[in-house]
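Novice: No gaps in the numbering here: position 31 of the sequence shown is 31 in this note's numbering, and each next residue is one more.
No lab work stands behind these hints: they were computed from the structure. It is possible that part of the hints are untrue.
Unchecked claim - Using C-beta positions, here's what the derived DEER-type ranges look like:
(1) Q350 - G321: 20 to 30 Å
(2) G336 - N103: 48 to 58 Å
(3) A294 - S215: 23 to 33 Å
(4) N68 - R360: 41 to 51 Å
Glycine included, every Cβ here is placed at the ideal spot set by N, Cα and C.
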Amino acid sequence: MVDDIRLSAAFGDPAVPEPFRELVPPLTRAAAAEESNRCLYCYDAPCIKACPTSIDIPSFIKRIATGNPEGAAHAIMDANPVGASCARVCPTELLCEGACVLNGSSAPIAIGRLQRHATDYAASAGLRLFAPGEPAGVSAGVIGSGPAGLSAARELARFGFDVDVYEARQVAGGLDSSGIVSFRLPTHVPDWEVRQVEELGVRFHTGVRVGSSLSVEELRGRHDVLVLAAGMGYVPPLGLEGERLEGVYDAIRLVEATKAGRMPSALAGARVAVIGAGNTAIDAATCAVRLGAAEVKIVYRRTAAEMTAYPFEYEFAKQEGVGFVWLTQPLRIVAGPDGKAAGLECMRLQPDGRVGSDGRRLTSPVPDSAFLLEADAVVLATGQERLATLAEQLGIAHRAGVPEADPRTGLTSDPRIYAAGDILHGTGAGEATVVSAAEQGKRAAAAIAAAWLGPDFASRRRAPAVAVPSRHAGSAGRI
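With the sequences and hints as input, model every part of the structure.
Specialist: Okay, here's the thing in structure tokens:
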């Protein structure tokens, strides 16, 4: 049995600067047992239906209650290849915990924390949870190693496919590894999930950008089938005057820098304005607070009712001291005498009675309402750029770069190419979450296996009866 000391080995990791260490401590074995014994183990469990990957939640909780965290981890990771990350970043109050039958009479079961307890155990024990299938003689190339790509790669390997993953960044794991703040999702968590996939013989090629450093023609020549799971890019230009000034940051690159240990010293003591009000904007704002900013304000053209950040993210930002400037439209970034960003020229907005296609209220300018918001740093956090050229280069049908794909299987207009994850949500439609991307990767892999291996493909998906020590066990014990 792995003790509580090892389970919490990564919590408070001295290699991570104190402000960026994980905020929520792990459950002890005793606390996990007590919480799991509150579960009613519902027969027709609504929590399972609320989970996009359909984790058998009562089953894994029962295993924790009976002293089998290894079995719990297996149940979780079998359904969700990024289950350790999701234990930390899933909006559980909107999904599984929100569906818990105990809501209304008591607190819901802390499903996310129990899921973390089990997956932390597996990593701390250095367990390899799955095994590759018998070789099928089919080669698959996966573009992107985020939740969708990682899930597709793992499932294909379990079906016996020979799999290569191509990642444009230098580190595998997608935004889980580089784009979610470390105090919510430490890097060693997605690193462990990547290692679990490597254990199946999957090869990761990092620093490879399909369409430039690796041609589409060469990629097609290497593989029988492709999965397009490249996600989305960095923050797109807003078209504001002054965007290229020193002191203007891309929110995703800012978070990425902190996860890589490159802490931007210029934000210490600075007045920071963050443009946008989604989860990435919240991450950037709270990063700025931890980097020592004197003042951080989120500037948004609508109100709190229309912001896209999760409610718990909004509450967290307020607790961190982040201010909010509502109904405000940035006009330009103003330069100071030194040529660096010195402020954000804005105008006030007001609801005008119209409603957009997404159901949110629209706004109009308030006459003569221009004002200057003083800021030494401006962070752009208004969504992510579509990787429009990839679909075009691959020759598949798309709408403004968003692939057209079967929502059940991910099959595109090319029978050899499937798509999954955030790259399908460039129009703002759909559930662009880590857990939904993982499910789409799984579905694409199952559809590929059915197409290439026949109707009995599911019988090829293998897992060892007993988890065995990982060849990476020496390093995996940090979770």
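Novice: Each hint should be assessed against the structure and marked as holding or not.
Specialist: Taking the hints in turn, this is what the structure says about them:
For the pair Q350 and G321, the supplied restraint of 20 to 30 Å holds, since their beta-carbon distance comes to about 27 Å. At about 51 Å, the beta-carbon gap between G336 and N103 stays in the expected band of 48 to 58 Å. Look at A294 against S215: about 49 Å separates their beta carbons, and that is not inside 23 to 33 Å. In this structure, N68 and R360 meet the distance hint of 41 to 51 Å, their C-beta atoms being roughly 46 Å apart.
Against the hints set out earlier in the document, a violation occurs for number 3 only.
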